[in-house]
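**Student:** Per the numbering used here, residue 1 is the first one in the sequence shown, and the count goes up by one each step.
Simulated from the structure, these hints should not be mistaken for lab results. Computed from a predicted model, the values in this text were never measured in an experiment. Glycine is no exception: its CB is placed at the ideal position from the N, C-alpha and C atoms. Not one of these hints is a red herring.
In the DMTMM-like style, the derived pairs of lysine to aspartate or glutamate whose C-alpha atoms are separated by at most 20 angstroms in a straight line are:
{"hint": "1", "residue 1": "44", "residue 2": "110"}
{"hint": "2", "residue 1": "44", "residue 2": "55"}
{"hint": "3", "residue 1": "44", "residue 2": "118"}
{"hint": "4", "residue 1": "44", "residue 2": "103"}
{"hint": "5", "residue 1": "44", "residue 2": "159"}
{"hint": "6", "residue 1": "152", "residue 2": "110"}
{"hint": "7", "residue 1": "44", "residue 2": "195"}
{"hint": "8", "residue 1": "44", "residue 2": "119"}
{"hint": "9", "residue 1": "44", "residue 2": "120"}
{"hint": "10", "residue 1": "44", "residue 2": "8"}
{"hint": "11", "residue 1": "152", "residue 2": "86"}
{"hint": "12", "residue 1": "152", "residue 2": "181"}
{"hint": "13", "residue 1": "44", "residue 2": "181"}
{"hint": "14", "residue 1": "152", "residue 2": "53"}
{"hint": "15", "residue 1": "152", "residue 2": "184"}
{"hint": "16", "residue 1": "152", "residue 2": "46"}
{"hint": "17", "residue 1": "152", "residue 2": "55"}
Label-pair distances were calculated between CB atoms; the ranges are:
{"hint": "18", "residue 1": "117", "residue 2": "159", "range": "18 to 24 angstroms"}
{"hint": "19", "residue 1": "32", "residue 2": "114", "range": "38 to 44 angstroms"}
{"hint": "20", "residue 1": "132", "residue 2": "29", "range": "19 to 25 angstroms"}
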Amino acid sequence: MHYPQMPDMNGWDVRATYYAGLADDFLCGGTGPITDFHIWTSYKGDVALLPSDLEFIHTAIYADIPDPDGAGPLYSMPGAMLWHHDWQLDPAIGTFSVRPWGEGVQGWYDPLASLVLEEDHTGVYQWNFLIDPTEAFYQIEGTVYWLEFSYKLTPAAIEMGKRIGWKTTLNHWNDDAVYREIVDGQPPVWQELRDPLTQASLDMAFVITPEPATLAILLLGGLALPRRRC
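Kindly generate the complete structure, drawing on both the sequences and the hints.
**Tutor:** Here it is as structure tokens:
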């Protein structure tokens, strides 16, 4: 990956709760399998998820459709889906874990519902996904891809108002992140993601297949919770 996009501890958490999907682009820095990725999240209103609240976590890697008009109104977006996995539904592919990372006053943004809540929560969590190399996506150096996340919660958790959001970053690269409403059986319709107050470009907090120096960064920020099979 081009460089780590670390979390903005006073930024936004953008709804990544099914049926909302979020994706951000990255540049492959070395040919080989993607055997891990790491993202940062928060819970709406600091109402944390229990293990029983989670049905699955949808992840996907897409090809890139480049920005067709430069400084014009159009924007780049994900193209063909190249790899996907719904964690917890296939235990053979890999494992994931979640741990507390830190605290900061952050806002909640749900672009599908046009909901903006400033100073909504403080907790930050890091999710780590480890993929069996035999099941991993094989990336090509110098190629731009997109990574998508969406968390599917149980109906009971949704009824209780529980939501999870993907954190924004201050480390911007290339084009804005995008979001979509996931509709079964229909192709994605991607919308550009911008700050709801300033309209500034928004990118997401994540790291893919880190180098040793990045691994040291990822080990900061709290004790890891027990890892579970997906």
